[in-house]
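Chains A and B, in that order, give the protein sequences.
Just so you know, the first sequence maps onto residues 1 to 314 in my numbering.
Just so you know, the second sequence maps onto residues 1001 to 1405 in my numbering.
Quick caveat, the hints were computed from the structure, so don't treat them as lab data.
Beta carbons are placed, not taken as given, at the ideal position from N, Cα and C, and that holds for glycine.
Be a bit skeptical, because a hint or two may be false.
[As the list claims (entries may be wrong)] Below 20 Å or equal to it, Euclidean Cα-Cα: the simulated EDC-like pairs (lysine to aspartate or glutamate) are:
(1) K119(A) x E1355(B)
(2) K222(A) x E1325(B)
(3) K222(A) x E1355(B)
(4) K222(A) x D1240(B)
(5) K222(A) x D1241(B)
(6) K119(A) x E58(A)
(7) K119(A) x E92(A)
(8) K222(A) x E1087(B)
(9) K1390(B) x E1087(B)
(10) K1390(B) x D1400(B)
(11) K222(A) x E1334(B)
(12) K222(A) x D1400(B)
[Said to hold, decoys possible] One-sided excerpt, in silico: chain A residues whose CB lies under 10 Å from chain B:
(13) T3
(14) P107
(15) L108
(16) A208
(17) L242
(18) A249
(19) P270
(20) A275
(21) L286
(22) H289
(23) A310
(24) A311
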Amino acid sequence: MTTLADLRILDLSDGVAGAYCTKLFAGFGADVVAVEPPGSGHPLRRHGPFADDRPHRETGALWLYLGTNKRSVTLAIGSPTGRGLFRRLVEEANVIVESFPPGRLDPLGLGFQALWAIKRRIVLVSVTPFGQTGPRAGWRATNLASFASGGQMCLTGEPDREPLLIGGYQAEYQAGLQAFAATATAAQNADALEVPQHVDLSAQEGMASALETCLPSWAYHKQDISRRPGAAEGAHTIGQLLESEQLRARDYFREIEHPISGRLTYPGPPFLLSALPWQTGRAPTLGEHNDDVFCGQLGLSRQELTRLRAAGVV
Amino acid sequence: MFHLPLHGLRVLELSMGWAGPYAGRLLADMGAEVIKIEAVKGWDPLRSSTIQPPETKRPWDRAPSFNHLNRNKYGCVLDLANLGGREPFLRLVAVSDAVIWGDDEAALDRLGLDYRALSQANEQIIVVSLSGHGQTGLGAEQTSGLSHLTGYAGGPPQRIGMRYGDPMGGMAAAGAIILALWDRRRTGCGQRIEVHGRENLIGVIGENVVGYSMNGREPFRRGNRHPSMAPHGCYPCAGDDQWVAIACEDDAQFAALCAVIGQPDLASDPRFADVVSRYRHQDTLDGIVAAWSRERAKEGVATALQGAGVPAMPVLNVPEVFADEQLRARGFFENVSHAVADTWEMEGPHWRMSESPGHVRLPAPSFGEHNDYVFRYLLGLSEDEVASLKAAGVTGRVPDWPAQV
Chain A
1 MTTLADLRIL DLSDGVAGAY CTKLFAGFGA DVVAVEPPGS GHPLRRHGPF ADDRPHRETG
61 ALWLYLGTNK RSVTLAIGSP TGRGLFRRLV EEANVIVESF PPGRLDPLGL GFQALWAIKR
121 RIVLVSVTPF GQTGPRAGWR ATNLASFASG GQMCLTGEPD REPLLIGGYQ AEYQAGLQAF
181 AATATAAQNA DALEVPQHVD LSAQEGMASA LETCLPSWAY HKQDISRRPG AAEGAHTIGQ
241 LLESEQLRAR DYFREIEHPI SGRLTYPGPP FLLSALPWQT GRAPTLGEHN DDVFCGQLGL
301 SRQELTRLRA AGVV
Chain B
1001 MFHLPLHGLR VLELSMGWAG PYAGRLLADM GAEVIKIEAV KGWDPLRSST IQPPETKRPW
1061 DRAPSFNHLN RNKYGCVLDL ANLGGREPFL RLVAVSDAVI WGDDEAALDR LGLDYRALSQ
1121 ANEQIIVVSL SGHGQTGLGA EQTSGLSHLT GYAGGPPQRI GMRYGDPMGG MAAAGAIILA
1181 LWDRRRTGCG QRIEVHGREN LIGVIGENVV GYSMNGREPF RRGNRHPSMA PHGCYPCAGD
1241 DQWVAIACED DAQFAALCAV IGQPDLASDP RFADVVSRYR HQDTLDGIVA AWSRERAKEG
1301 VATALQGAGV PAMPVLNVPE VFADEQLRAR GFFENVSHAV ADTWEMEGPH WRMSESPGHV
1361 RLPAPSFGEH NDYVFRYLLG LSEDEVASLK AAGVTGRVPD WPAQV
């Protein structure tokens, strides 16, 4: 337990960005509840590699990594019953993180104004590729298309070949790290001064802001100094990281046991706070905390939970 | 409308270059009073990041990179390596909330300004160090495994064309400072924060570590391809070095793509009819898509595909980012006037807050611009006391600037 335990976050997001943002909060001790669609669960559960190479919703590396220290409930927020329950969860939450296409929450009665009416100092964080407004707000984007929009793609690869994605899901992770800072700012402000906030975070703007010398040079001198620099020397493999004496001496990696995936090695804290120790809980199984949250927190009876389950709401 | 969220927070920024000042900029954009501290002999190297004609007045106040990264901040010249600078600095710590230290902790220790000394001056102080963001040796991009994951299929690891670990370190540090504020409201105490460039970047490729511990297999480089989607890549467009990114997530999007490129029959072609077949035949598929895109402008390609529900985006280069209609429509770029460097446009805050939208309120400080504010107003020193600091070389308005930079 840390002093972040009274920071309660509901995570409705469906990509890496929102999940990394809330993973960081959960890692430092905040109470993060992943609200997953019943049945299939969080879309990240579908990504491999899988433990023992057996595809299963509880054994995908991406979900295992991004789900650490969170709780999981299943809830169909598209149904009126599910929405009603979600609104009750909002009463007890500080922050909601979401990544729906802009405008999707309003018709569900879960837009910022509606949430504000439920909870006076709510923070709604919307993490999307292009932001909530503008001509491309409604465009679809995977990590690749999102990365193409921020200018950084033109900085990696061979000059005479196509520009390159940088490893993994970096458009999403960057947005996730920005969302972490933005969410912390808004949550702290709501806590201290009771100011509600709708945070509109565009992955494109975040990437454009991180272009270092390139953007200022163009803005000021109209010189485009961006180049694709080609191959790298001395790149460490994942195996080398796990054998690194420096990382070992700092106790960076953590072994975490999972009931279905077994004992695996996870990266430790990406940064250290002396008074907020990094937690070492595992990712939750799908709906693992339905009882805790719906019965324990909201006061539903077991019979009522059974009825909701039968109706496909949880 | 409310005050900016970090209104009333005072942050001392001793760090230079990119990572620490990026953290300071995020906090300043959200309303914190960030005071950038430099010395006559130890000024931010970004001040000399642009070559200036020899007759230029105050060339150190003109570098675009410096002025972008340090907007919304105050500037004070206070030499910590000078014994006379210690006491004013510790008094400043006593009236501040956080200190961003950009170098490693050993440098703090050498100056006798370690965490203990700072927390004795103010038990509520939050101290952040950023290490592993130096300009020498292998970058965090290489040592974190990120470069290893980056590259064309079958080719070597590729350099990341920017110091990716720096802005990522800055974001992490800014968020961590705010978490420490949350903690401080409950405990009354500050804390120390350490952001290590390598560890922070391992965090953003972490699923590869978990995956490796499952099966002992190194992830392989796949260029712009995806483990399951196809087509998924950057395709050439009309013009020199023009590209469009296209990703098909499912059968419906692939059928839509086939219709847009005028070959609807491809959707039922057995080579491409399902996810597995498309993945298997992606070389052929990439050739078909490229043959279509090559004749067309990238904006038109992306707009047509988006109109049919397919994720697509022109790959924007830096000038195109600056001119981008989406960013322009959102008012992302703001005009900023600087007393020495003139008026130009720079990017605004990185995220929008409905109840307290931020803006570029102040241009970057000229060297020592807010010395008086710090020494006279915050510390209450007399004119004579400030004059003796100046005489001792602790402060000044002109950096020790080499004849040729």
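Note to self: To test your reading of the hints: which numbers does this structure violate?
What the structure shows: 3, 6, 8, 12, 14, 15, 18, 21, 22, 23, 24
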